[in-house]
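Enquirer: In terms of my numbering, the sequence shown has 71 at position 71, counting the first letter as 1, and numbering is strictly consecutive.
These aren't lab readings, by the way, just hints derived from the structure by calculation. Any given hint could turn out to be false.
What the hints assert, rightly or not - Here are the simulated lysine to aspartate or glutamate pairs, EDC-like style, with alpha carbons at most 16 Å apart:
hint: 1; residue 1: K192; residue 2: E219
hint: 2; residue 1: K155; residue 2: E188
hint: 3; residue 1: K192; residue 2: E160
hint: 4; residue 1: K207; residue 2: D52
hint: 5; residue 1: K192; residue 2: E164
hint: 6; residue 1: K192; residue 2: E241
hint: 7; residue 1: K207; residue 2: E232
hint: 8; residue 1: K207; residue 2: E51
hint: 9; residue 1: K155; residue 2: E177
hint: 10; residue 1: K192; residue 2: E276
hint: 11; residue 1: K192; residue 2: D168
hint: 12; residue 1: K207; residue 2: E32
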Amino acid sequence: MGPALPHSSPRRLCSRPMGSLYVISTPIGNLEDITLRAIRILGDVAAVLAEDTRRTGILLRHLGLTTPLLSYHQHNEEARSREALGRLGAGEDLALVSDAGTPLVSDPGERLTARVLDAGHRVVPIPGPSAVLAALVASGLPALPFTFLGFPPRKGRQREAFLERVVDAPETTVFFESPERTSVLLGELASKADPERRGVVTRELTKLHEEVRRGTLGELARYYGENPPRGEVTLVVAPAEPPSPGETAQVDDAAARSLGAALLGEGHRPSRAAREVSRRLGIPRNQAYEILQSLSSPSRPEGAE
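Sequences are here, hints too, so could you generate the full structure?
Expert: Okay, structure coming up:
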């Protein structure tokens, strides 16, 4: 028997080398935030897939790099993914970047990374700047646990569900919004939640006109209604305050039933009505929902199976 062969990596066992996709975080404003590793890899890969080639081109020129750029966005995602898989299969390494921050966080790329992994290639994260984490650590609100919700839907039931998610959240929530819709969103949250609920609006993080404004949701809604923000906005909202046991014990069950019946009569869905009963009377939402269920369920005669 001959000597045992040394352990080989998957790349060495293949007839051709397998390319890797590097998912690279880029600055959200200040170009000095780019990491040394990101600079090296951006210069080494065969091409960079970029959400906006003009914006990424400015970064590469600033770094003195001439790596070819390929546009990658929601309108050419399918065709560009096939091209990327072909190049990775030929042994080329590629990079994926977004306009700013960490790719795949409210940016294109999720489908590409999934297909790359399914094809047996490596997806290598290159960590760095993130507007989500920058806003969270600057907010002064509890950092753990927290939930990132992306951009809110603009209308309909999806927007209503988004607002309810933020209002009822037992953890800190972080999300993006366009500057022209920020004051409207804050006003909606202030009307549905306790107006004294704390929030933070961060704007133009790491840039010259960086702003971190803290206050209640009501205060922030009024301020940005009078002073419309400019630039990229990230919002952070404090967790919902749980009702104290004393407050819950003092709630009259009849009052909860009366309010719940009125809300259902106005056409509110049971989930929305339960949230309103919970908010107004300070009782747990599951308790409010049970009361609403008892109101909407027809009574059954004694002895019925």
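Enquirer: Between the alpha carbons of K192 and E241, is the straight-line distance 16 Å or under?
Expert: The given pair, whose Cα atoms are some 14 Å apart, holds under the 16 Å limit.
Enquirer: Would the pair K192 and E276 pass a check requiring their Cα atoms to be no farther apart than 16 Å?
Expert: Within the cut-off at roughly 8 Å; holds.
Enquirer: Starting from K192, check that the Cα of D168 is at most 16 Å away, please.
Expert: holds (10 Å)
Enquirer: Is it true that the CA of K207 sits at most 16 Å from the CA of E232?
Expert: Holds. K207 to E232 sits at ~10 Å (cutoff 16 Å).
Enquirer: For the pair supplied as a hint, K192 and E219, confirm whether the alpha-carbon distance does not exceed 16 Å.
Expert: Within the cut-off at roughly 14 Å; holds.
Enquirer: Below or equal to 16 Å on CA atoms is what counts here, so check K207 against E32.
Expert: holds (11 Å)
Enquirer: Would you check the hint for K207 and E51, treating anything up to 16 Å between C-alpha atoms as holding?
Expert: Violated - the C-alpha atoms of E51 and K207 are around 21 Å apart, more than 16 Å.
Enquirer: Check whether the Cα positions of K207 and D52 lie no farther apart than 16 Å.
Expert: violated (19 Å)
Enquirer: Holds or violated: K155 with E177, Cα cutoff 16 Å?
Expert: Roughly 14 Å separates the two Cα atoms, so the pair holds.
Enquirer: Below or equal to 16 Å on CA atoms is what counts here, so check K192 against E160.
Expert: holds (10 Å)
Enquirer: Keeping to a limit of 16 Å between CA atoms, is the pair of K192 and E164 held or broken?
Expert: Cα-Cα ~8 Å, so holds.
Enquirer: Given the hinted pair K155 and E188, is their Cα-Cα distance within 16 Å?
Expert: holds (12 Å)
In this structure, the hints that do not hold are numbers 4, 8, in rising order.
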